[in-house]
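Visitor: Heads up: the sequence shown begins at 37 in the numbering used here, then just goes up one per residue.
In case anyone wonders, no lab produced these hints; they're calculated from the structure. This one's a predicted model, so the numbers in the text were calculated from it and none came from an experiment. Everything hinted at is true.
Lysine to aspartate or glutamate pairs mimicking EDC-like chemistry, simulated, CA-CA at most 16 angstroms apart:
#	residue 1	residue 2
1	289	323
2	259	276
3	211	254
4	232	213
5	253	323
6	98	82
7	232	273
8	98	86
9	279	323
10	115	265
11	110	127
12	115	266
13	259	237
14	110	132
15	259	240
16	279	55
17	116	265
18	98	127
19	182	138
20	259	273
21	48	326
22	272	237
23	272	240
24	204	68
25	253	276
26	253	326
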Amino acid sequence: KPAKGGGVDVGKIHWVIRDFLASGALVLLAAEMGSGKSTLIYRAAEAIYEGLLFLDQLPTRKGEILVIQGDEPKAEAEKKIRRMGLEAQFDICYAEPPLDFDWLEKIIRSKVYIAILIDSMTSLFATNELEVTDLGFPRKLYRIGKVFAEYNVAGLITSHLNKPPENKIRNRITKHDIQGVATIGAAVSDIWSLCKVPKPEWPDHYNLECLGKRHCKEGTLWKLQGNEEDYYWSLKEVGDGLKPQDRIHLQGKINAHFKKSPQSIPLSEIASKIGTSNEYARRICTEMFEVGLLKRTKVITGQKGRPSYLYGNK
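Put together the whole structure using the sequences plus the hints.
Guide: As structure tokens, then:
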């Protein structure tokens, strides 16, 4: 029940992987076959299971995790897992298509796992009677998405892409590239794409980009570096703004300031006190305000035009 006046819990997100995978969400990760999406979700599973930073940048909530693998043979998956040094860590189930939805719902409702990662929608959800291109296909995603939300378990599912026109090499992935009908995008909480960069800035350069929806801002771009030796993934740069750990550091400085001095002050003063630009201070303070970590007070001047604000401790 929302609190009076909008409530401080409005917009509150409980992250399993900060800025990427939220409790109760169903996230779609779209990528070409052979682009590394399986090893990326294995590293995500490792990070959650161990409580490590995902991509060396994103904090995780430690807990039990299940990977449902239906996109590659068990022998192939086990070779990758061995190369990654992940034997005997998180739970992995090798599923034959079509996936048993009653079984999956039972697993979600058990709440044994804080997150379930499924590889892939294209392989496991389609049947001879209902292909991924059929209009009724998104109902399967709606069905499991509703259960993930109801039981507050995080879900991530991968998807293949349509073949590019004239077999051209993609520079980036859009929602239209996702294999299946357009309404698939409406059935999930967030959409991310993973694409190998045709003109790389470094070896094994991949882009992980948010294509929009609920918990991530469309256009958010994380530039990754993979590694063929052990399939390690790290976030090397971002498309715009600060890397996640830098943002977290500045948020900590803002919190520390307001604990000592709770008086509300303008963004320019916040920027000066924490040692960053006005733009970065604006981005971080507005994000913190959205999820109820800061309060914001409108400055009444009696003049027309855009108002100014003061930010302070809740």
